[in-house]
Amino acid sequence: MTKANAGNFFEDFEIGQKIVHATPRTITDGDVAFYTALYGSRFAVQSSNQFARSIGYRDAPIDDLLVFHVVFGKTVPDISLNAIANLGYADCRFSVPAFPNDTLSTVSTVIGKKENSNGKTGVVYVRSKGVNQRGQTVLEFIRWVMVRKRDANAPAPKPVIPDLPEKVTLTKQTLPAEIKFNLYDNQLAGSPFRFDDYEIDEKIDHVDGMTIEEAEHGLATRLYQNTARVHFNQHAEREGRFGKRIVYGGHIISIARSLSFNGLGNAFRIAAINGGAHVNPCFAGDTVYAWSQILEKTPIDGWDSLGALRLRTVATKDRPCAGFPYKGDDGKYDPSVVLDLDYTVLLPR
Amino acid sequence: MTKANAGNFFEDFEIGQKIVHATPRTITDGDVAFYTALYGSRFAVQSSNQFARSIGYRDAPIDDLLVFHVVFGKTVPDISLNAIANLGYADCRFSVPAFPNDTLSTVSTVIGKKENSNGKTGVVYVRSKGVNQRGQTVLEFIRWVMVRKRDANAPAPKPVIPDLPEKVTLTKQTLPAEIKFNLYDNQLAGSPFRFDDYEIDEKIDHVDGMTIEEAEHGLATRLYQNTARVHFNQHAEREGRFGKRIVYGGHIISIARSLSFNGLGNAFRIAAINGGAHVNPCFAGDTVYAWSQILEKTPIDGWDSLGALRLRTVATKDRPCAGFPYKGDDGKYDPSVVLDLDYTVLLPR
Amino acid sequence: MTKANAGNFFEDFEIGQKIVHATPRTITDGDVAFYTALYGSRFAVQSSNQFARSIGYRDAPIDDLLVFHVVFGKTVPDISLNAIANLGYADCRFSVPAFPNDTLSTVSTVIGKKENSNGKTGVVYVRSKGVNQRGQTVLEFIRWVMVRKRDANAPAPKPVIPDLPEKVTLTKQTLPAEIKFNLYDNQLAGSPFRFDDYEIDEKIDHVDGMTIEEAEHGLATRLYQNTARVHFNQHAEREGRFGKRIVYGGHIISIARSLSFNGLGNAFRIAAINGGAHVNPCFAGDTVYAWSQILEKTPIDGWDSLGALRLRTVATKDRPCAGFPYKGDDGKYDPSVVLDLDYTVLLPR
Numbered sequence: 004m005t006k007a008n009a010g011n012f013f014e015d016f017e018i019g020q021k022i023v024h025a026t027p028r029t030i031t032d033g034d035v036a037f038y039t040a041l042y043g044s045r046f047a048v049q050s051s052n053q054f055a056r057s058i059g060y061r062d063a064p065i066d067d068l069l070v071f072h073v074v075f076g077k078t079v080p081d082i083s084l085n086a087i088a089n090l091g092y093a094d095c096r097f098s099v100p101a102f103p104n105d106t107l108s109t110v111s112t113v114i115g116k117k118e119n120s121n122g123k124t125g126v127v128y129v130r131s132k133g134v135n136q137r138g139q140t141v142l143e144f145i146r147w148v149m150v151r152k153r154d155a156n157a158p159a160p161k162p163v164i165p166d167l168p169e170k171v172t173l174t175k176q177t178l179p180a181e182i183k184f185n186l187y188d189n190q191l192a193g194s195p196f197r198f199d200d201y202e203i204d205e206k207i208d209h210v211d212g213m214t215i216e217e218a219e220h221g222l223a224t225r226l227y228q229n230t231a232r233v234h235f236n237q238h239a240e241r242e243g244r245f246g247k248r249i250v251y252g253g254h255i256i257s258i259a260r261s262l263s264f265n266g267l268g269n270a271f272r273i274a275a276i277n278g279g280a281h282v283n284p285c286f287a288g289d290t291v292y293a294w295s296q297i298l299e300k301t302p303i304d305g306w307d308s309l310g311a312l313r314l315r316t317v318a319t320k321d322r323p324c325a326g327f328p329y330k331g332d333d334g335k336y337d338p339s340v341v342l343d344l345d346y347t348v349l350l351p352r
Numbered sequence: 004m005t006k007a008n009a010g011n012f013f014e015d016f017e018i019g020q021k022i023v024h025a026t027p028r029t030i031t032d033g034d035v036a037f038y039t040a041l042y043g044s045r046f047a048v049q050s051s052n053q054f055a056r057s058i059g060y061r062d063a064p065i066d067d068l069l070v071f072h073v074v075f076g077k078t079v080p081d082i083s084l085n086a087i088a089n090l091g092y093a094d095c096r097f098s099v100p101a102f103p104n105d106t107l108s109t110v111s112t113v114i115g116k117k118e119n120s121n122g123k124t125g126v127v128y129v130r131s132k133g134v135n136q137r138g139q140t141v142l143e144f145i146r147w148v149m150v151r152k153r154d155a156n157a158p159a160p161k162p163v164i165p166d167l168p169e170k171v172t173l174t175k176q177t178l179p180a181e182i183k184f185n186l187y188d189n190q191l192a193g194s195p196f197r198f199d200d201y202e203i204d205e206k207i208d209h210v211d212g213m214t215i216e217e218a219e220h221g222l223a224t225r226l227y228q229n230t231a232r233v234h235f236n237q238h239a240e241r242e243g244r245f246g247k248r249i250v251y252g253g254h255i256i257s258i259a260r261s262l263s264f265n266g267l268g269n270a271f272r273i274a275a276i277n278g279g280a281h282v283n284p285c286f287a288g289d290t291v292y293a294w295s296q297i298l299e300k301t302p303i304d305g306w307d308s309l310g311a312l313r314l315r316t317v318a319t320k321d322r323p324c325a326g327f328p329y330k331g332d333d334g335k336y337d338p339s340v341v342l343d344l345d346y347t348v349l350l351p352r
Numbered sequence: 004m005t006k007a008n009a010g011n012f013f014e015d016f017e018i019g020q021k022i023v024h025a026t027p028r029t030i031t032d033g034d035v036a037f038y039t040a041l042y043g044s045r046f047a048v049q050s051s052n053q054f055a056r057s058i059g060y061r062d063a064p065i066d067d068l069l070v071f072h073v074v075f076g077k078t079v080p081d082i083s084l085n086a087i088a089n090l091g092y093a094d095c096r097f098s099v100p101a102f103p104n105d106t107l108s109t110v111s112t113v114i115g116k117k118e119n120s121n122g123k124t125g126v127v128y129v130r131s132k133g134v135n136q137r138g139q140t141v142l143e144f145i146r147w148v149m150v151r152k153r154d155a156n157a158p159a160p161k162p163v164i165p166d167l168p169e170k171v172t173l174t175k176q177t178l179p180a181e182i183k184f185n186l187y188d189n190q191l192a193g194s195p196f197r198f199d200d201y202e203i204d205e206k207i208d209h210v211d212g213m214t215i216e217e218a219e220h221g222l223a224t225r226l227y228q229n230t231a232r233v234h235f236n237q238h239a240e241r242e243g244r245f246g247k248r249i250v251y252g253g254h255i256i257s258i259a260r261s262l263s264f265n266g267l268g269n270a271f272r273i274a275a276i277n278g279g280a281h282v283n284p285c286f287a288g289d290t291v292y293a294w295s296q297i298l299e300k301t302p303i304d305g306w307d308s309l310g311a312l313r314l315r316t317v318a319t320k321d322r323p324c325a326g327f328p329y330k331g332d333d334g335k336y337d338p339s340v341v342l343d344l345d346y347t348v349l350l351p352r
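Residue numbers (our numbering), protein chains in the order written: chain A, 4 to 352; chain B, 4 to 352; chain C, 4 to 352.
None of these hints come from the bench; they were simulated from the model.
Since this is a predicted model, take the numbers as computed values, not measurements.
It cannot be assumed that every hint is accurate.
Pairs count within a copy or across copies, as identical chains cannot be separated in the list.
[What the hints assert, rightly or not] Each computed DSS-like pair below joins lysine-lysine, with the alpha-carbon atoms no more than 30 Å apart:
#	residue 1	residue 2
1	K21	K152
2	K123	K300
3	K330	K300
4	K170	K6
5	K21	K335
6	K300	K247
7	K123	K21
8	K170	K247
9	K183	K161
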C-alpha cells in the first residue's frame, strides 16, 4: 500500500461529508511582509498598525486575499488534487478579520455532486470554512471542481446541485463591527475618493502593469502551502497541455487587487467574492493589467460611515486596459482577459 | 474624470509645498528577513538582537538602507511617477534608528524648481523626511528629479535652486547616543579592522559578485511599495529605451553595501549619504561587484570609541574590482561602473 | 594589506583550533515565513503554534533544516571559502529546538586534517556546534571539506582522521523531553501513518516534483547568510566547470524533506543526519523528485509514544521516483540521483 496521498476521486465524495483539512497555519508578520513583496499592495489599513488603529482595528489586519489563499490552499490535497478544472466560486464571505499570530485551519463540507455525461468525470461542490484558533470563522466559500472518477464503470450517483447565490448578501457578521472613520486620513490612504465619489457603471483603468515571474508565483503558491501540481513541476508540465507551468489563479487575483489600488485606494476591505472565473491561464512572462467597473452601490443599513461597492475587476495579460477589454459582441471574452471577478469591497463614506 | 493617479507634472509643484505621502508602513521582522534574503547582508548589529544589545541598542535595528528604500518608495507616486530621470541625492542623514514594528511615513517639501531650456521638462528639488510613529525623524534627504511638463506652453517659473551641501555634517543628532563599544566583539562581527585600521585613500576590493535576477529586484521593489513603472512592466518596457525592465537603483545600492561587508565588516551603520549617481542602468542577469575607497576619516568629537569613514563605493557590472575600475583619463566613467556612492559610515575605534 | 577575507587554506587549520564564526543571527517569524515560501513544507508542528502546543512545545519550533542552514552558513567564510568540495557530513544531531527570536551562532573545532597525495590540497575535518543565546546546543555536526594549500611546498602535517560514527546514537539529549502525543491529531497533521505503520525496507515514492528557480536558491542561500561563491555569481561561473551557478546543496535537502511530507507526514522532527552525499550538482531549471526507504526502526527507550525511523531519502532531478532510482548493478548512482541522505526522524506511535 502506498503511503503517498493519491487525492480523492469523484466516488470518494459523499453529500454531507465533512473533511478536516491538514496543516493548520499560524500567519505571522513574516507572511505579511512576503505578501507585500509579492504584490506591492498599498492599502493603508493592511500596511500600517497606526493607520489601522486610527479607525478601530487593534492592529493591521491580514490582507483578505492572503487569508483566502491560505484557507483555500489547505483544501487542495483533499478536494482538487485530481481536479481537471476549478469551475467556480460562490458565496465567498469574509467575516472576522485575521491578525498576525492567528492560526487558520479549514474544514469543508460536500454539498453537491453530479456526474458528467461522459461517465469519466463529475462535478463536486464543497463549502469550505476557514476558522481561527478561537473557532471564529474568518472566511467561507463555495467552490466546485471537475474531478476524475476512479472507475469509469462506477454508477452515477443521484445528482445534487446546491443553491448558488448570484451574490453574497452582506450581513452585520461580514462587517468589522468596531470600525469608525472620523480619523480616516485620505492623504495617508492615498486616494481622495470615497464611497460617494463612485457611480454605478463607472469604469476605472488601473493603469499599471505587473509582469509575472516563475519564481514569484512559485514562492507565492508554496507560501500558501497550496500543492496543486501544475504550478511547481516544469518537468511534468513540459509534457502537459501548455508545455509550461500554469500560474496559480489566486496569484492573478492578488495582482489585480493590488493594481486596483490605483483608483480604488480607499477600498480597504474585501467583504465578499460573489463569483469569478479564470478565463484564460497565465504564464510566467505575462504582464497583468486590470480595470474595474462599479456594478452596485450599497449603503449599509445602520452604518452611516461605510458603503459597499460591488465591483467587476477584469485582469488582462499583455494588454493595457484603457479601452476596458472584456467581451466581444458574440459574448466571448477578449483573448487578453484572464480574470473576471465579481466582488464587494467596503469604503468609508 | 479618471480616478487613477496620473502623478504630478512640473507645473504641479510649488516652492514650499508640503506633500504628505500615502501608505504608512509598519516594518516588521518579516521585512528584515526578506531584506536578508535579498542581499545576504552580514553586519552583526542588524543580524542579532544579542549583538545589538551588547553595544547598547535595545534590539537589532532595521538596516539603514531598508529604511531608506521604504521612506523613498512612498515619494514615488507623488514626486517621480512622471520623472524622466532621478538626477541626484544630497544631504541624506540617518538619525533615530528604526526597529521592528515601527511605522514609517514620509513627508516631502518642494525646495527648488527650474525649467529646462527645452521648455518640455524641468527639475524639481524636494526634501523628504521619514518619520516614525512617535514623530521622530529616522531619515531625511534631498532629491532632485527631471519631470515632464503637462503643458509645454506653460510659462517657466522663476528658478529656485536650493543649496546642496557637498557632504553631510554629522551632528550628535545623527549618531546613536546610547552606543558603547567595550563589549563589541570583532570575531562575532566578522572583521578585525576598526576605524583606526583604515587609511585615507586606501582602496578595498570587496571581491564577491552577486548576479541580479528579475524576480529578486521585483520582489525588492514591491517590498518597498515603490511603484516606479520601469521596474515591473516587461510588456511596456519591451517598447522602451532598453527593451527590458530597469533594476531599481536602490537595489544596486543595497547589493553594494552587502558586498562591502567583505572588507568593511565593522562599518555597522550608515550615518549619511553625501551624494550618489546611478551611472549606468542595471538589468537582470548582470553581476554586481564593488570596491570602496576611504575619502575621509573623522574622529567624532567627544566620542572616543567611534569614528566616521567617508567612503566612495563604486559598483560595477560584469567586471571584478581588483583593478578598482572608475573613471578614465577623460573623466568619463568606465562603462562597467553602475553606481558611484559617496557616503559616511560609523565604526568602533 | 587587503582587508577582504581571503578565507583559510589547508595550512591555516590546526588540530584542536577553535573558530568562533561571525554574524550571530536572530531567527524570526520572518525567516519561518520565507522558509515556507521556499519549500512549501507542511509539517503541522512547524506550521501551527496551536498544533505545536497541543503536543507540548511552547510554540511552533523552527524547522530543523532552517536551523541547519543558518548554523552551517556561518562556517562557510572560515571553513570552506577555499574548498574544492564538501566531502561529507557525520554525527549531525539536533538537540534543543529553536524558536522564533532565538539567536544562533556557530563555533567550530578542527578535529582532523590530512594532506592529499597531490600535495596541493588536503582534507580538513571540523565539528561545528550551533548554540542559542542561552548557550544551549541546538545542533552539532562533523563536516569535512577538501581545501587548497596556500603553498604547495609546505610540508604535509601528520594525518589525523577523526572517528566518524556510521550513524548517530540517539540519546535523551537529542529528543524533545516535553513532548506528549495523546492530543496529536492525524487529520490536522495530514497523515494516518504513525511509527508502527512503517516497515523496515519499505520504499515510499513522494510523487511530487519541484522545479528550481535561480532566484529561489539565491534568496535561500542569502537568507542563510551562506557566502559560497558558486551560488551567486553568474559572471564568474560562466567560466567555471558547469558554465552556470550551482544550487546550494542544502536547498536540495530542504526540497527533498518538503516533498517527503507526502508519505511521511507525521515525521515531525529530524533527530539526526547520519551521513549524506550530494551525488550530482543541481542547476536552475531542474525538477527535483524524491523517494525514501525505511532503513531502521528504533522504538525509544522509556518512551512509549515515540519512535525513530532511520531513512534513506534519495532525490533525483528530472526523473520521477515511482521506480525508486538509486544505484546500478555496478554500484554507481543513477545519473538522475542528486542527493543520498541517511537521517533519522521522529514519529508518534
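We went through each hint and held it up to the structure:
{"no.": "1", "hint": "K21 with K152", "verdict": "within (20 Å within a copy, 62 Å between copies)"}
{"no.": "2", "hint": "K123 with K300", "verdict": "neither (43 Å within a copy, 42 Å between copies)"}
{"no.": "3", "hint": "K330 with K300", "verdict": "within (23 Å within a copy, 62 Å between copies)"}
{"no.": "4", "hint": "K170 with K6", "verdict": "between (41 Å within a copy, 26 Å between copies)"}
{"no.": "5", "hint": "K21 with K335", "verdict": "neither (37 Å within a copy, 49 Å between copies)"}
{"no.": "6", "hint": "K300 with K247", "verdict": "neither (41 Å within a copy, 41 Å between copies)"}
{"no.": "7", "hint": "K123 with K21", "verdict": "within (24 Å within a copy, 66 Å between copies)"}
{"no.": "8", "hint": "K170 with K247", "verdict": "neither (35 Å within a copy, 42 Å between copies)"}
{"no.": "9", "hint": "K183 with K161", "verdict": "neither (50 Å within a copy, 45 Å between copies)"}
Checked against the numbered hints given earlier, the structure breaks hints 2, 5, 6, 8 and 9 and satisfies all the rest.
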